[in-house]
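S.K.: Here the structure of chain A is known, so what remains is to put chain B in place on it, guided by the hints.
Just so you know, the sequences run in chain order A and B. Start counting the first sequence at 1; every next residue gets the next number (our numbering). Start counting the second sequence at 275; every next residue gets the next number (our numbering).
It should be emphasised that the hints constitute simulated quantities derived from the structure, not laboratory data. Treat the hints with care, since some could be wrong.
Stated by the list, open to error - Computed far set for chain A versus chain B, every beta-carbon distance over 10 Å:
#	residue
1	73
2	96
3	133
4	148
5	188
6	255
7	270
Claimed, not checked - What the simulated footprint calls covered on chain A by chain B, stretch by stretch (three residues with Cβ under 8 Å from a Cβ of chain B suffice, anywhere in the stretch; the number is not a length):
#	region
8	209-216
9	231-242
Stated by the list, open to error - One side of the interface only, derived from the structure: several residues of chain B facing chain A at Cβ under 7 Å:
#	residue
10	556
11	565
12	586
13	587
14	644
15	748
Even for Gly, the Cβ is constructed at its ideal location relative to N, Cα and C.
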Amino acid sequence: MTPDRATTATADVAGGAARSGGNAVEATGLVKTFGTARAVDGVDLAIPRESFYGIAGPNGAGKTTMIRLLTGLLRPDTGNAVIDGVRVWPHPDEAKQRLGYVPDNPVLFDRLTGTEMLEFAGLLRGMEPAVIHHRSQELLRILDMEGASDRVIADYSLGMTKRIGLAAALLHSPRVLVMDEPFGSLDPVNTQVMEEMLQRYRTGGGTVVFSSHVMDVVERLCDRVVVIERGRVRAEGTVADLAHGRSLQQAFVDLVGGRDLQEGELGWLSSSSG
Amino acid sequence: MALVLVRLKLALQRRALGGRGIAQRIGFALGWLVALVLGFSVGAVVAEFSARLPAPGDLALLIVLSLVFVGWVVTPILMPGSADQMADPERLALYPLTPRQQVTGLLLAGLLAPTALFAFLTALGGAFTADAAVGVRLTVVGCAVVFTVLCLTASRATQALLGGIANSRRGRDLVVLVTGVIGLGIYLLTQDIHRLTESLGAMQQPSAESALSWLPPGAVGQAMISAQNGQWGDVAVRLAVAIASVGLLLLLWAWGIRRFASSGHGGFRHSTAKTRSSVAMSLTPFPVDAARPSVLTAAMSQQLRYYLFRSPRAFQSMALSLVLAGFVGHNMSSYGLVAESAAFALMAIALHAPNLFAYDDKGFTYLLITGGPWRPVLIGKALAGPLIVIPVMFAVLFVEAGLADGWSQLLVAVVVGVSVVAVAVGLGAFVSIWEPQNRIERTGGRRRALLGLAVEFVLLFAIMFAGVLAWLLLGGPVSATLLTLACLIISVLLGWVLVRAAGSRLARDPFRIEALLRP
Numbered sequence: 001m002t003p004d005r006a007t008t009a010t011a012d013v014a015g016g017a018a019r020s021g022g023n024a025v026e027a028t029g030l031v032k033t034f035g036t037a038r039a040v041d042g043v044d045l046a047i048p049r050e051s052f053y054g055i056a057g058p059n060g061a062g063k064t065t066m067i068r069l070l071t072g073l074l075r076p077d078t079g080n081a082v083i084d085g086v087r088v089w090p091h092p093d094e095a096k097q098r099l100g101y102v103p104d105n106p107v108l109f110d111r112l113t114g115t116e117m118l119e120f121a122g123l124l125r126g127m128e129p130a131v132i133h134h135r136s137q138e139l140l141r142i143l144d145m146e147g148a149s150d151r152v153i154a155d156y157s158l159g160m161t162k163r164i165g166l167a168a169a170l171l172h173s174p175r176v177l178v179m180d181e182p183f184g185s186l187d188p189v190n191t192q193v194m195e196e197m198l199q200r201y202r203t204g205g206g207t208v209v210f211s212s213h214v215m216d217v218v219e220r221l222c223d224r225v226v227v228i229e230r231g232r233v234r235a236e237g238t239v240a241d242l243a244h245g246r247s248l249q250q251a252f253v254d255l256v257g258g259r260d261l262q263e264g265e266l267g268w269l270s271s272s273s274g
Numbered sequence: 275m276a277l278v279l280v281r282l283k284l285a286l287q288r289r290a291l292g293g294r295g296i297a298q299r300i301g302f303a304l305g306w307l308v309a310l311v312l313g314f315s316v317g318a319v320v321a322e323f324s325a326r327l328p329a330p331g332d333l334a335l336l337i338v339l340s341l342v343f344v345g346w347v348v349t350p351i352l353m354p355g356s357a358d359q360m361a362d363p364e365r366l367a368l369y370p371l372t373p374r375q376q377v378t379g380l381l382l383a384g385l386l387a388p389t390a391l392f393a394f395l396t397a398l399g400g401a402f403t404a405d406a407a408v409g410v411r412l413t414v415v416g417c418a419v420v421f422t423v424l425c426l427t428a429s430r431a432t433q434a435l436l437g438g439i440a441n442s443r444r445g446r447d448l449v450v451l452v453t454g455v456i457g458l459g460i461y462l463l464t465q466d467i468h469r470l471t472e473s474l475g476a477m478q479q480p481s482a483e484s485a486l487s488w489l490p491p492g493a494v495g496q497a498m499i500s501a502q503n504g505q506w507g508d509v510a511v512r513l514a515v516a517i518a519s520v521g522l523l524l525l526l527w528a529w530g531i532r533r534f535a536s537s538g539h540g541g542f543r544h545s546t547a548k549t550r551s552s553v554a555m556s557l558t559p560f561p562v563d564a565a566r567p568s569v570l571t572a573a574m575s576q577q578l579r580y581y582l583f584r585s586p587r588a589f590q591s592m593a594l595s596l597v598l599a600g601f602v603g604h605n606m607s608s609y610g611l612v613a614e615s616a617a618f619a620l621m622a623i624a625l626h627a628p629n630l631f632a633y634d635d636k637g638f639t640y641l642l643i644t645g646g647p648w649r650p651v652l653i654g655k656a657l658a659g660p661l662i663v664i665p666v667m668f669a670v671l672f673v674e675a676g677l678a679d680g681w682s683q684l685l686v687a688v689v690v691g692v693s694v695v696a697v698a699v700g701l702g703a704f705v706s707i708w709e710p711q712n713r714i715e716r717t718g719g720r721r722r723a724l725l726g727l728a729v730e731f732v733l734l735f736a737i738m739f740a741g742v743l744a745w746l747l748l749g750g751p752v753s754a755t756l757l758t759l760a761c762l763i764i765s766v767l768l769g770w771v772l773v774r775a776a777g778s779r780l781a782r783d784p785f786r787i788e789a790l791l792r793p
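Next up, chain A with everything else stripped away, as it sits in the complex:
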């Protein structure tokens, strides 16, 4: 099924896009528990269309779990998410037609070449071969992957794998692009190219949601940010609202609590110590 047809076929799945108003993604009361640990604890989110939305939080805060709940990769204990007007549960596959997702460490078929992977992704999305060919060539060129397109993914560096993962996620021109730590392991040139690509994608009507520990990237790119801590929303708003005149990095540290080294700690690291 092509994305366009999927849109038509499921327009009433959640009462259409009108129900979610101007939001590309909505989450209501998301809860997910693993054993006794509550990884996501009643998260509500509303991510506007055509926005850059950052998800920040310390390690183990529940960002990845929340992303997996939003993208239909994990079933919530309670609550639900809506992507472009489609309830993720009980329609995860319909929601995924509107989504592109790039995990932190992209999961791809590493015995296919870059080109083959994109073709596979396109055919899975029900795209026409000519469209797949045209778009993959363009994506490979822009992402500087033309030279490596005939090598198997298993031989790629992490940065190259991420770029192919991004190409596979964008190929079907999704309404919402979700990325987990997208800029880690990319060199400065590729970071800049990816930022430009994402800006263009947003200008074309797409919504970008990404998690990152790199606060200057979040500050530079995002319209709004949510800070997650212990599975709960600690703060949400525009970058300016959260920063209050400080850098976003400082605001984040102030929010979740920093850890300063005491004087004398790690003194043995000094080259003068015996």
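M.R.: Chain B alone, transformed into the frame defined by chain A:
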């Protein structure tokens, strides 16, 4: 120009070992010595055999010459690296040589090789028979020269057609298939060598002798035999066949070189015009690319690529199961071709059909991300195995039927084999989603995966038993053709229903599979 290539050839031979000094010279001399001794020995043995036992001896000569010829032809296919690199059009394309100059030079240069000496001496054996007249001896020498040139041109034509094939996706896929079929054929031939020698002794196969004697290498052999029998008219006809074949091969060789010069690659790449799709997809190999691109063909292609060298484990599993199938099937040959076919099909498909997601590793999570249409994905993956197994099975059964004179059973054997494959694929798809195992990271329930395999075998045996029982019961009143057709239809339908049902079940809960496969 031809002399330049001859000198180049000699220089390449001297440096073939890659080192300098005594070892290189010894290696060079040893190559020629081995060819000389081996060629002379084989030729002498065949000549002696022919003199003592004329009837089987003649057939032995035809077989030996045919085998030597086949060896020349398959070497560039089976071992591209061992073929004469000088004859690779990709290398010679750098120089201003016409195809005619190349062919002439390479032909002369090619004759200066130990392998050519071996072919020449093997064919020359007949010239040493004690009571042969001078005319006969000279004719045999001429025939040996023709045979050597025939072998050389056939090998070079093959190499020219394969030239630059690494750049052609379709060519690579075809070579893989051809290699597999030839390899298996050779394996089975060696397995059946005792039957071959028995039939030589008993001279039970005059039809085989007749057929061989009209094929190019056999025609040369027959010309020698006819010369010794004084049938000069037949000598002329057989030599005409051989020389015409050499001419055709030379044309093919030159065509291969010209084609490379004009397109920059071997002879298998498509022109710009495509068949069904306006865009060629790298993902879909031959012959899947004949079908309209879809989720099913994408999944099938992906799985095929695992088997065809992309995933060493998958390739190993497929190759081992085919060899095992050949071995088990061959040991069942005393029960007839149908039993052999069923055993081969069972062993070839049943080992890897029950774990279709084994080599996806993290890739299965990608399917989850896309919400991939599960049923066509599963069907595509399930059909990839039969795409390899069934052609190999055809080849094996064909060879076995030829060796055991079982042509009358061939059709039923093929149908039974395909039927077993169809049912095994259906059961395997079900086991694949019941208890999958990640064979890359060795995750998933290994014990239950083995249990799944056992269950598949038990069910498969039960279905096969029911089929045999039905065959025996209905064999009287219903015609064999009708039974064969019914067997095929029922098995394919059963397999299809099982695979579709497994796909639906997978679509209901892919998360369970993902959890089991996750590294």
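S.K.: Which of the numbered hints above does this structure break?
M.R.: 1, 2, 3, 8, 9, 11, 12, 13, 15
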